[in-house]
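S.K.: Sequence:
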Amino acid sequence: LRDLCRVLDACHRLDPPLMHGDLKPDNVLVDDRQTLRLIDFGWAKPVDRLLGWTAHAGGCLAYCAPEVLIGRAGLAADLYSLGLIMYEVLCGDGPH
1 LRDLCRVLDA
11 CHRLDPPLMH
21 GDLKPDNVLV
31 DDRQTLRLID
41 FGWAKPVDRL
51 LGWTAHAGGC
61 LAYCAPEVLI
71 GRAGLAADLY
81 SLGLIMYEVL
91 CGDGPH
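With this note's numbering, the residue at position 34 of the sequence shown is 34, and numbering never jumps.
Hint data in this document are derived by calculation from the structure and do not stem from the laboratory. All C-beta atoms, glycine included, are put in the ideal place defined by N, C-alpha and C. Mixed in with the good hints there might be a few duds.
What the hints assert, rightly or not - Restraint ranges, calculated between C-beta atoms of paired labels, are given here:
no., residue 1, residue 2, range
1, G71, V30, 21 to 27 Å
2, Y87, P16, 26 to 32 Å
3, I70, D31, 17 to 23 Å
4, V7, G94, 32 to 38 Å
5, P95, I39, 22 to 28 Å
6, Y87, L29, 16 to 22 Å
Make a model of the complete structure from these sequences and hints.
M.R.: What follows is the structure, encoded as structure tokens:
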């Protein structure tokens, strides 16, 4: 989980920040040496510096933050998805 947080932090610290937009367990790979890889940047979008969000219409519904559904996704939407992944890892099942 710590490595996933670091990867997401690196994306969010880019200039402009990059929102992954489709963070879910299927897009997190770990190899036999425990190296984490975040894949599938097909929905990734830079976040508008003035607005603080991006018009976003994608990603897996089960891991989407509510604001994604109205097209105003910011970096917090990735954190929402990250929180759901963490919940599943720690509890063994999703919160829904």
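S.K.: Using the C-beta atoms of I70 and D31, is the stated range 17 to 23 Å upheld?
M.R.: The hinted range 17 to 23 Å is violated for I70 and D31, with Cβ atoms some 37 Å apart.
S.K.: State, for the Cβ atoms of G71 and V30, whether the hinted interval 21 to 27 Å holds or is violated.
M.R.: violated (32 Å)
S.K.: Taking 32 to 38 Å as the stated bounds, is the beta-carbon spacing between V7 and G94 within them?
M.R.: Given a distance of about 21 Å, which is not inside 32 to 38 Å, the answer is violated.
S.K.: When you take the CB atoms of P95 and I39, is the distance between them in 22 to 28 Å?
M.R.: holds (24 Å)
S.K.: Can you let me know if the beta-carbon spacing of Y87 and L29 is within 16 to 22 Å?
M.R.: This hint holds: roughly 20 Å between Cβ atoms.
S.K.: How does the Cβ-Cβ distance of Y87 and P16 compare with 26 to 32 Å: does it lie in that range?
M.R.: holds (29 Å)
Violated hints, listed in ascending order, are 1, 3, 4; each of the other numbered hints is respected by the structure.
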